[in-house]
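J.: Take a look at the letters that make up each chain.
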Amino acid sequence: MSEQRKGSFLVDTLVFTKRSIVTIIRNPLIFIPNLIISLFFLFVYEGGLSGISELPAFEGANYLAFILPVSIVSAAIGGAGGAGQALVKDLENGYFSRLLLTPSSRLAIVLGPIIAGMLQLLIQTGLILVVAYFLGLEVAAGFGGVIVVLLLTLGWGLAFAGYSVGVALRTKNAQSAQAGTFVFFPLIFLSTTFVPYELIEAGWLKVAATINPTTYLFEAMRSVFIDGWEAWPLVRGFLVIALLCAITISFSAISASKAVSAD
Amino acid sequence: MDGSISVHELVKTYKGDVKAVQGVSFEVGEGEFFAFLGPNGAGKSTTVQILTTLVKPTTGTIRIGGVDVGEEPERVRWNIGVALQETGIDPVLTGRELIEMQARLFGFTKKEAKTRADELLTLVDLNDAADRPCGKYSGGMRRRLDLALTLVHKPKILFLDEPTTGLDPSNRQAIWKEIKRLNREEGTTIFLTTQYLEEADQLADRISIINQGKIVASGSAEELKRTLGFDAIQLVFEADEEAERASKVLADLGENIECSKDEVTLYTENGTQLLSELVRKLDENNLSPKKLNVKPPSLDDVFINVTNEQKERA
Ligand SMILES: Nc1ncnc2c1ncn2[C@@H]1O[C@H](COP(=O)(O)OP(=O)(O)OP(=O)(O)O)[C@@H](O)[C@H]1O
Ligand SMILES: [Mg+2]
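In the order they appear, the protein sequences are chains A and B.
Residue numbering for the first sequence follows the numbering used here, starting at 21 and increasing by one per position.
Residue numbering for the second sequence follows the numbering used here, starting at 551 and increasing by one per position.
Next up, chain A with everything else stripped away, as it sits in the complex:
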């Protein structure tokens, strides 16, 4: 009987995505700490550092709008990293082999956790934006600006999910995959995280901020929060993200094809 049945990429992807969402919901500890840390950024830095936005380099910008991208981006990393973590768990408990033994699409197996991670990330970002709204956030570019921020976050999340999935499939163990997510510390903090570029004193940090892709993401988000519609920061932000996605998704695709046909 089995031979008459047909596989469907769409059904497979749907099944895997649904399963990942169920897993996330049943393990709130996967996302709650991360969300709390992101909100912590918002409250603590807004409360503690907002005085520095009086400095002329801020050009009168509200510090909340300045620090908000940091909160969003750090939440996104957690959401996206979850995709890799989920795969590592499957690899460790043998369920991954069970899935490989089904005729389902190999791509769908990897795509399910990524899509679920992206949904989680969108909800988190929405939540952070709502909190920021109650803290007095005004978005210079209006509602369209919020959409742009969500898109930027999604792109960034996708890039990071690609990376985390690639590391997971390569190392196949939880500790290494966890260690792999630590690159996010330098990415977030060696940037224009707390102050604008002009205020960074140390030469090395200036260099780091310049080559750090996160800087361009921060700048793009800040431009819509603070300045309204400006082409250049957005173009640059989306270009950097597209490039990152291209790299990390190829990395994860190569790792996946190796992992699904072990030699």
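One or more hints might be untrue.
[As the list claims (entries may be wrong)] Partner residues are not named here, just some residues of chain B that face chain A (Cβ under 8 Å, in silico):
#1 W628
#2 V632
#3 G638
#4 L643
#5 Q652
#6 G689
[Said to hold, decoys possible] Simulated restraints, written as ranges between beta carbons of each label pair:
#7 B/G689 x A/V215: 28 to 36 Å
#8 B/K606 x A/L263: 27 to 35 Å
#9 B/E624 x A/F205: 37 to 45 Å
[What the hints assert, rightly or not] Computed list of lysine-lysine pairs in PhoX-like fashion (alpha-carbon distance at most 25 Å, straight line):
#10 B/K664 x A/K38
#11 B/K565 x A/K278
#12 B/K686 x A/K26
#13 A/K38 x B/K569
#14 A/K192 x B/K798
#15 A/K192 x A/K278
#16 B/K565 x A/K192
#17 A/K26 x B/K565
#18 A/K26 x B/K704
#19 A/K278 x B/K569
To be clear, the hints were calculated from the coordinates, so they are not data collected in a lab.
Yeah, the Cβ is synthetic: ideal placement off N, Cα and C, and Gly gets one too.
Got chain A sorted already, so can you dock chain B with the ligands onto it with the hints?
T.: What follows is chain B with the ligands alone, placed relative to chain A:
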């Protein structure tokens, strides 16, 4: 696609020059019950993983139902059911959810998947635990759920790698009964590895014994016992120490001698003729066994003999 398996000159060398399988060939016909036996580390699981598309062979060709595994792995996956030695279960989902998901991946509609889950949960006696997360299942319950997952799509060929390990006797029997039914009534081809040799003896049409990556004996259980051409003389003593002494005294009488605790088993070409000499030797050494048995070899005896022969030669 039929239910046959054909393996030709299969070699698998893992990184670090681990020669897991070294040139294995065999054929299993449609509807046949084939048992693949061998000591730990012999290469059974490696063979199963290669036959079921999970691991790539170093060299060799494999056809499952006439389909080349390397060329069309997906077509093969539609038609095989695989229970690996290590169960593969997501601890977060419930048993029912896992079966339904498995069914969906094999092209069942949602409704069909539900029906199938009900059937299988009853079959493996997991109705009570069906809606609890599998992470909370006992080892045996996990094993049974894993078997249910294997059967979801009613595969033509079943690969079962030590499917009853860790099951209590009554569950083990239930599983054996079902495997037997699938083979006899549904015509499912069975490729089975097991450490329970009497069961292989009773169920399998044909047996191959693999040792250190090579097949060392093949045939029906009866054939294997006959080709062994040995009888087993079994002696049981009062004390372990006596048994040990006896195994030294009798060593040159037979082809092979095994001693464990208070029991000595001597394999010899003609048990009955040797008996008088054996009794004399025991007498001379003041040894009197509590029990003495001459029996045709069991599959256990065949197994121990062919795998030991190799060890001695190595
Ligand atoms: N992924 C792997 N990498 C390297 N070596 C491996 C790998 N898997 C198995 N081996 C080696 O291959 C050999 C055969 O192992 P295999 O698991 O096939 O044995 P088995 O017959 O199933 O044993 P058991 O009865 O213990 O399950 C062993 O020496 C094992 O160490
Ligand atoms: Mg094994």
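J.: Output the indices of the hints that this structure fails to meet, ascending.
T.: The structure conflicts with hints 6, 7, 12, 13, 14, 17, although it agrees with all the remaining ones.
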